[in-house]
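Based on these hints, arrange chain B on the given structure of chain A.
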Amino acid sequence: MTDSLTLSAPYPASGPAAGDHFATGSSAGHGGPQRLLPAGGAVPVDLRAHLARYGALRHLGGPKRLIAEVQASGLTGRGGAAFPAYRKLAAAAGSRPAPIVAGNGAEGEPASRKDRSLLWISPHLVLDGLQIAAQVAGSRDTVLYVQRNPRLHLRLAQAISERAAAGMDAATIELREAPDRFLAGEESAVASRLTGRPALPGYRLVRGLPRLGSGQPVLVQNVETLAHLALIARYGAAWFRTAGTADEPGSTLVTLHLPDGQVRVAEVPLGVPIADLIGSGSPVQAVLVGGYHGAWLSAAHAARLPLANSALRPAGATVGAGVVAALPAGRCGLAETARVARYLALESAGQCGPCFNGLPRIAVAVGHLAGPRPDPRARADLERWAGLVEGRGACHHPDGSVRFIRSALRVFAAEAGLHEQGRCSGTNPEPFLHLPADPPLDDSDWS
Amino acid sequence: MAKQLRVDPTACAGHGLCAELAPELVTLDEWGYPIVTDRLVPRGLDRTARRAVTDCPALALALTRVA
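Keeping their order, the protein sequence lines are chains A and B.
The letter at position 157 of the first sequence is residue 163 when you use this note's numbering, and the numbering goes up by one with no holes.
The letter at position 37 of the second sequence is residue 96 when you use this note's numbering, and the numbering goes up by one with no holes.
For reference, chain B alone in the conformation it holds in the complex:
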């Protein structure tokens, strides 16, 4: 099942941990807020993506299934 990383912008507080944990999937804008790739998460990065989701201090990230 293809998956995509999504950020809830109302929950995100700009801690920036996601960009440290998953630099392949997340970069930070000039204010420290994540720019999440809209591409599907490659199979090899599945664990990395899940780690970013579970470790987000604001619980703002989600890994969603894409049909």
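So that you can see chain A by itself, here it is in the shape it has in the complex:
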């Protein structure tokens, strides 16, 4: 366990909507090693500054050498699943035909802002990682798949042009827009979108890399994972392991929703105490860890845990894509959960019967429980429906949604008791957890 605090100052996070401004306010400046986010503020790093900071991209030798280095580093995917990065790279290196490499910056999770912040501030680290992954995979073509945001796309197009002018890249980089949907970054949904079809998750009987309609495999890596890859290629596995824990090495980007309503993106070592991320400024009643497929923990429980899967998994949570939301006192946790449950139901791709039928019913039941004197059948119905959707989707959407909702029923059990008596501890009805203003409702919005 590391005892250091944040590696770099927390950045005021960019707004969630397309065209929103990326805040570049002051930062506290903790010092410490600089990895993904340079210290001193959220100023975008152009190619010259990037090369001055990190040096030119060195090639560690052939794919085997690089895969071995990534394995030694212990790097795991930062998109949420924490899958060992080297295993995907090895699968890509052994694939025929050679895969296309996709940098995944879809970031469909409404509570997460770390990927867009990274792409805005350090685009060249991500693009370096994309080139390294392409080299390992033997690919000539890469895609950077990024959420809808005109300013961000313009910035990335500029970064790609800078590199083209410098003639530094072996593989082509195509910028593609991801639809504004929760599941748009799901691995098979990315493959579907790159095939020219809607970004819908697919059913796969066999494991391994997803494939395009043409049969070409796709190596999908989260953009933060690629940025770490760019640093491991430069500085090596031993350096990477100087942050984080022995089991979960390295730093990770987190999106912090602080009790005062501020949203910040920070780079922290894995294993950092959750208490240090939240601070002790205002009273917190519960902490949502891992986003809307993650889990609520009571404030007291969360305060004892580090941000590491080894500690969070036994508590029913995971680091996920690094969302940590500290619900302040005075908000109703059930009402917060009901809003998100409705959103998750609407974000079902509608392809799998149990998810399509079950999630809206579950969301209505959570809505009942969040109201005064809920229908006494709501709880039993919810439990039954939860059992019926779990494990029966092509993707993890039903399972993740049920995990989130079940955790709320555990953590907000006392609140549920109040609601049965027609009372509620909430004094502030303003929504706390972030959701898109208008969830898309028709099928055309998947592409």
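Bear in mind the hints are in silico, worked out from the structure with no lab data behind them.
A couple of the hints might just be wrong.
Footprint (simulated), chain B over chain A, 3 or more residues, beta carbon under 8 Å [said to hold, decoys possible]:
{"no.": "1", "region": "208 to 216"}
{"no.": "2", "region": "357 to 366"}
{"no.": "3", "region": "398 to 410"}
Just so it is clear, CB atoms sit at the ideal spot from N, CA and C, and this is done for glycine as well.
Just chain B now, with coordinates in the frame of chain A:
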């Protein structure tokens, strides 16, 4: 070779034929979608399972080998 019945939930349209043809292996949930047993298909039900696979109107069922 041991075999298992699997459903592609994205292809399944809830016709429910599988549960009629192979009630020993498939039940329907309250919305009409199949809950397929995760146990191996017993030798005696091999033909029943294959019939459910071939007759599925949505071609959503598969009989897969399990190592």
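Evaluation of the provided hints:
{"no.": "1", "hint": "208 to 216", "result": "holds (count 3)"}
{"no.": "2", "hint": "357 to 366", "result": "holds (count 7)"}
{"no.": "3", "hint": "398 to 410", "result": "holds (count 3)"}
Figure legend: structure checked against the earlier numbered hints; every hint is met.
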